[in-house]
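Model the placement of chain B on the given structure of chain A, informed by the hints.
Top line first, the protein sequences correspond to chains A and B. So for the first sequence, the UniProt record's numbering puts the first residue at 1; every next one is plus one. So for the second sequence, the UniProt record's numbering puts the first residue at 1; every next one is plus one.
To be clear, the hints were calculated from the coordinates, so they are not data collected in a lab. Ideal placement from N, C-alpha and C gives every residue a C-beta, glycine not left out. Incorrect hints may have been included.
[Unchecked claim] Covered, in the sense of this in silico footprint (three residues per stretch, anywhere, with C-beta under 8 Å from a C-beta of chain B), are these stretches of chain A:
{"no.": "1", "segment": "35-42"}
{"no.": "2", "segment": "73-87"}
{"no.": "3", "segment": "135-142"}
{"no.": "4", "segment": "152-158"}
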Amino acid sequence: MNTQGHRMQTQTEDNELFEAIKRGQYELIDQLYLHHRDAFVTYAQRQLSATEEDAVDCFQDSVIAFYKNVVSGRLTELRCTIRTYLFSIGKRLVYRRNHQRRREPPTDHESGSNPADELDWSLIDRFEEQHNRKLLQSAMDQLGSPCREILTLYYFHHYPIESITQSVGLPSPGATRIKKMRCLQSLKQLVNP
Amino acid sequence: MNHDEQQERIDDYLRGRLPTPQVFERDLQAHPQLQSEMEATRLALDAIDISEHQRLKSRLQRLEAERAPVEGAGARVIPIHRRKHRRLLTYVAATALLLFLAGYFILAPDGTESALLAARTVEPYENIAYPITKSGEATDDARAVAYVAYESGDYARAAEAFRGLSDAEPADRFYLAQSLLAEGSFDEAATHFGALASRNDFNLAPESAFYRAVARLGTGEVVDAKAELSRIADTPGHPFRGEAERLLNNL
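Isolated chain A, as found in the complex (with noise of 0.2 Å):
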């Protein structure tokens, strides 16, 4: 196959990527992380002066709020590659650790339009808050079985609630809808008692 034949053909993988994972399948997750992996990490250490062990960390986050911005809807379409993407997210976390690291980057490539500016950043922010981080994750846990599974899947992963009452074995979607309230409110108790 020439060169030509394989840019097509990652295209056509991006796309068919791209379609399932806005279906939800998040295990592909592991594939994006696997498939790009190595290429960040050597473009972080050295085009931004990222360690191995911030770059691998950037670019897992990079894998999630990629996917998180596919689920909800905030990226409708492909505009670029995947690679393209993950790259652009990774990049802005690492100059992010840097910055918090008091190492300035060597080059900044930011300059122009970017692919990631389309993302929402609010997500990649949250990530960083450590304020009542643990209290908040200590809620879920207290949540218990099936309210996490429940919001986590509604909320989360953008799952409509006819898939949700086949993954919880509820007996109808208006029966999750109520589980859903319930399990809600129970959760705004405990984040906020």
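For chain B alone, coordinates are given in the frame of chain A:
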């Protein structure tokens, strides 16, 4: 409005599904109870986000831990100057391999065609030098034009645009060489990659060495190309070590 209906309204607002969010925002100002429910909901959704993010993160960390023993030192970046201090044994082995390859290709049937085919299986390097969006908007920035053409797979146009850059940097010459390689202009690509591979101040020098070898496969300099690929395949931490092995196996 009962409690469940109010919660549905808050949900819809937070998920951007309310047709008139301004009305809801006015209600928030006017009703402290609604404001309080809203804040509690926001905290609850943060709890869900943080918890699930952590679960997915742990999943990727496990993947990372599982791959570490296999990849190990291979994932580290080896500073370029280390390559200048190879052990004598490596030189002997490389020389022996070179002699073997030379002998093999003198005696063996012409492998030029298979080398050319192998060269064409190598995918162009991802654009990591110049962030762009494919909005379809026209641009006057010559560098942006070059990289947009490159990302869209229009390598002839990309090569022309890269050539036209008056202030071309090493990264631009790298992608010019990539475009030439993709277009099958192997001679010219090999020359550019060769110059880049010998630069100590260019971060993609090791990658350039790999692509020079690929270009040499294309020009029919199979012995030199194989020697270069073998050297890369023997270099721990080389970013194209695996790819060099794959190419060698296919030749």
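Practice item. Hint by hint, work out which the structure violates, then give me just those numbers in ascending order. Key: Of the numbered hints, all hold.
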